[in-house]
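Chemist: Required output: the full structure, derived from the provided sequences and hints.
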Amino acid sequence: ASEMEEDAKEDARKQLSVQACFQAPDTTLNVMVGTTGNILMTLNEGGLHYFYAGARANVGIRAGRYMFEVRVIELLNQTETGMQLRMPGPKHFLRMGFSTA
Numbered sequence: 002a003s004e005m006e007e008d009a010k011e012d013a014r015k016q017l018s019v020q021a022c023f024q025a026p027d028t029t030l031n032v033m034v035g036t037t038g039n040i041l042m043t044l045n046e047g048g049l050h051y052f053y054a055g056a057r058a059n060v061g062i063r064a065g066r067y068m069f070e071v072r073v074i075e076l077l078n079q080t081e082t083g084m085q086l087r088m089p090g091p092k093h094f095l096r097m098g099f100s101t102a
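Per the working numbering, the sequence shown runs over residues 2 to 102.
Hints were generated in silico from the structure; no laboratory data involved.
It cannot be assumed that every hint is accurate.
Derived DEER-like restraints, expressed as beta-carbon distance ranges [claimed, not checked]:
| no. | residue 1 | residue 2 | range |
| --- | --- | --- | --- |
| 1 | 59 | 94 | 19 to 27 Å |
| 2 | 48 | 17 | 35 to 43 Å |
| 3 | 46 | 9 | 43 to 51 Å |
From the three backbone atoms N, C-alpha and C, an ideal C-beta is built for every residue, glycine too.
Modeler: Structural data, given as structure tokens:
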């Protein structure tokens with residue numbers, strides 16, 4: 002019984018010359034990029050937690066197989082003071098997308 006999916010061939014292409022990271026000009030206004038470039042934080046004050054936050058990486062994928070990892074470091078309680086309890090609160094979610102270079 003052989004594997005249904007065979008291993009990919011060894012990649013002979015040149016490795017990236019830059020580290021994949023997020024840059025501030027490629028984010029929405031309610032996203033702060035950490036000092037290392039690989040941690041994102043959303044702004045929550047004044048109703049900003051109702052907006053979708055987005056960021057784009059500085060590298061793209063052309064072909065082949067790639068692995069990625071996403072880790073939620075902190076889950077903030079996003080309630081505004083003074084609001085009625087019956088109002089719907091924002092939902093927590095994480096959405097990933099990929100594009101080809």
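Chemist: Between the beta carbons of residue 59 and residue 94, is the distance compatible with 19 to 27 Å?
Modeler: The hint (19 to 27 Å, Cβ to Cβ) holds, given that residue 59 and residue 94 are roughly 24 Å apart.
Chemist: Starting from the range 43 to 51 Å, see whether the pair residue 46 and residue 9 falls in it by beta-carbon distance.
Modeler: holds, 46 Å
Chemist: Look at the Cβ atoms of residue 48 and residue 17 and judge whether their distance stays inside 35 to 43 Å.
Modeler: Between residue 48 and residue 17, where Cβ atoms are some 39 Å apart, the hint holds.
In terms of the numbered hints stated before, the structure departs from none.
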